[in-house]
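Protein chains in written order, with this note's numbering: chain A, 1 to 242; chain B, 1 to 242.
Hint data in this document are derived by calculation from the structure and do not stem from the laboratory. Please note: incorrect hints may appear among the correct ones.
Because identical chains cannot be distinguished in the list, a pair is counted as satisfied if it fits within a single copy or across any two copies.
What the hints assert, rightly or not - Taking lysine to any residue and the SDA-like style, the derived pairs with C-alpha atoms no more than 25 angstroms apart in a straight line are:
| # | residue 1 | residue 2 |
| --- | --- | --- |
| 1 | 91 | 70 |
| 2 | 199 | 36 |
| 3 | 66 | 96 |
| 4 | 130 | 215 |
2 protein chains.
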Amino acid sequence: MRYELYYWPSVQGRGEFVRLALEDAGADYVDVARLSERTGRGMSAMMGLLKNESLACPPFAPPFLKAGKQVIAQTANILLFLGPRLGLAPKSEAGRIWTHQLQLTLADWLTEVHDAHHPIAGALYYEEQKREAKRRAADFTAARLPKFLDYFERVIARNPGKSGCLAGRGTSYVDLSLFQMISGLRYAFPRAMARLEPKYPRLVALHGGVSARPRIAAYLASRRRIAFNQSGIFRHYPELDA
Amino acid sequence: MRYELYYWPSVQGRGEFVRLALEDAGADYVDVARLSERTGRGMSAMMGLLKNESLACPPFAPPFLKAGKQVIAQTANILLFLGPRLGLAPKSEAGRIWTHQLQLTLADWLTEVHDAHHPIAGALYYEEQKREAKRRAADFTAARLPKFLDYFERVIARNPGKSGCLAGRGTSYVDLSLFQMISGLRYAFPRAMARLEPKYPRLVALHGGVSARPRIAAYLASRRRIAFNQSGIFRHYPELDA
Numbered sequence: 001m002r003y004e005l006y007y008w009p010s011v012q013g014r015g016e017f018v019r020l021a022l023e024d025a026g027a028d029y030v031d032v033a034r035l036s037e038r039t040g041r042g043m044s045a046m047m048g049l050l051k052n053e054s055l056a057c058p059p060f061a062p063p064f065l066k067a068g069k070q071v072i073a074q075t076a077n078i079l080l081f082l083g084p085r086l087g088l089a090p091k092s093e094a095g096r097i098w099t100h101q102l103q104l105t106l107a108d109w110l111t112e113v114h115d116a117h118h119p120i121a122g123a124l125y126y127e128e129q130k131r132e133a134k135r136r137a138a139d140f141t142a143a144r145l146p147k148f149l150d151y152f153e154r155v156i157a158r159n160p161g162k163s164g165c166l167a168g169r170g171t172s173y174v175d176l177s178l179f180q181m182i183s184g185l186r187y188a189f190p191r192a193m194a195r196l197e198p199k200y201p202r203l204v205a206l207h208g209g210v211s212a213r214p215r216i217a218a219y220l221a222s223r224r225r226i227a228f229n230q231s232g233i234f235r236h237y238p239e240l241d242a
Numbered sequence: 001m002r003y004e005l006y007y008w009p010s011v012q013g014r015g016e017f018v019r020l021a022l023e024d025a026g027a028d029y030v031d032v033a034r035l036s037e038r039t040g041r042g043m044s045a046m047m048g049l050l051k052n053e054s055l056a057c058p059p060f061a062p063p064f065l066k067a068g069k070q071v072i073a074q075t076a077n078i079l080l081f082l083g084p085r086l087g088l089a090p091k092s093e094a095g096r097i098w099t100h101q102l103q104l105t106l107a108d109w110l111t112e113v114h115d116a117h118h119p120i121a122g123a124l125y126y127e128e129q130k131r132e133a134k135r136r137a138a139d140f141t142a143a144r145l146p147k148f149l150d151y152f153e154r155v156i157a158r159n160p161g162k163s164g165c166l167a168g169r170g171t172s173y174v175d176l177s178l179f180q181m182i183s184g185l186r187y188a189f190p191r192a193m194a195r196l197e198p199k200y201p202r203l204v205a206l207h208g209g210v211s212a213r214p215r216i217a218a219y220l221a222s223r224r225r226i227a228f229n230q231s232g233i234f235r236h237y238p239e240l241d242a
């Protein structure tokens, strides 16, 4: 099965969590909106699908994945679907529900990262909400960021599999997503992360372990990996990094 | 199986989406934090479970559901688990993924409702972020609210089952959740909703249909239904309702 991933072509954003799973599994996929318009792909193909009125199950927003005739949206939902198919989820129902629960908690965290620079409206520029962003980011780095880091460190510590992973004995898609969170947070909040990281040895080790997985390492070194930039969810504004 | 629901006892909040599913199905459940401390329940039981260091799969926050030995958190995840067990989800995997996708989109919408009155920090009082809330709520009522209403109206219109429901031929948990969204939005933003609702006949009809389901009607009339109030996610601040 060749999967088709649809996401904005110039940012990592939420699409990156899906890309990391596909890449780690060596899956056959195309990143549609990044391909040439001349081949019938590119942004026109993505917008065409979003506006397609005959689609019975329309996505609200990218990312979405086309798997055969199925069109699946919502990042965590895409990973719920892909996990077992890519060998990146536990086998039991309880294990899958737990992995998905962690992914949803990570999604809440990601929304808070975004809203730290866009607390008023996604449709406004950062500069139009900079004063509010300073207040929100101050709360984020002082209270919310350590709360989430504490939580995920605790989850690794309590994993009965003692694998250094979040869920079960092996790497699952939520480990790849946590790698991405740590990478993004280091880019966006280098000072806060430098201060906090020494308290979270398990998170740092998980990040290192994922980045050393052969397919992930090859992906990160490739042109398929979009660089962090000031249009994505993770943005580096020094004034927001207390 | 007697389910145990754990959620803050004085607000509807996210717990209400789970309560509606349990009530509609006539499920055997206890709402633990609302019961007496003298019976070993109440808030102490909830906080005890949250702080229990031997729990291998700790929730990040309420609501969470205890089903036998399993402890499941994240509202949409709880409903993913309960849906098939309560007869409130489609039978096929594709149908379940679609229903869950809609629930996750609804969860994003709910977060935006919350952040309309708390754009800076959940830990601060509304009065400490009132100026920012006015800006965010203005964008919410003008742009985001119609965008989500448009989307869910479209989903009902396109449902091949022509059932008036969101997914498939029968009522699923996401219909109950959409009922709760409409109810809450009417409480929080009566002026905006009065202006917008005429454009969304399918949403209005779904809301009416759910409220007339015998077990839901009985629940809404009972003392088990907590009233909307100014501590919940849906809050009525006239200055935020343009």
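Here's how the hints hold up against the structure:
1. In the homo-oligomer, the alpha carbons of residue 91 and residue 70 lie at most 25 angstroms apart both inside one protomer (23 angstroms) and across protomers (16 angstroms), since each shortest distance falls under that limit.
2. Proximity of residue 199 and residue 36 under a CA criterion of 25 angstroms is satisfied in neither setting, with 45 angstroms inside one chain copy and 39 angstroms between copies.
3. Taking identical chains as interchangeable, the C-alpha atoms of residue 66 and residue 96 lie at most 25 angstroms apart whether they share a chain (22 angstroms) or sit on different chains (16 angstroms).
4. In this assembly of identical chains, residue 130 and residue 215 lie within 25 angstroms of each other by CA distance neither inside one copy nor across copies; the values are 39 angstroms within and 48 angstroms between.
Going through the hint list in order, the structure does not satisfy hints 2, 4.
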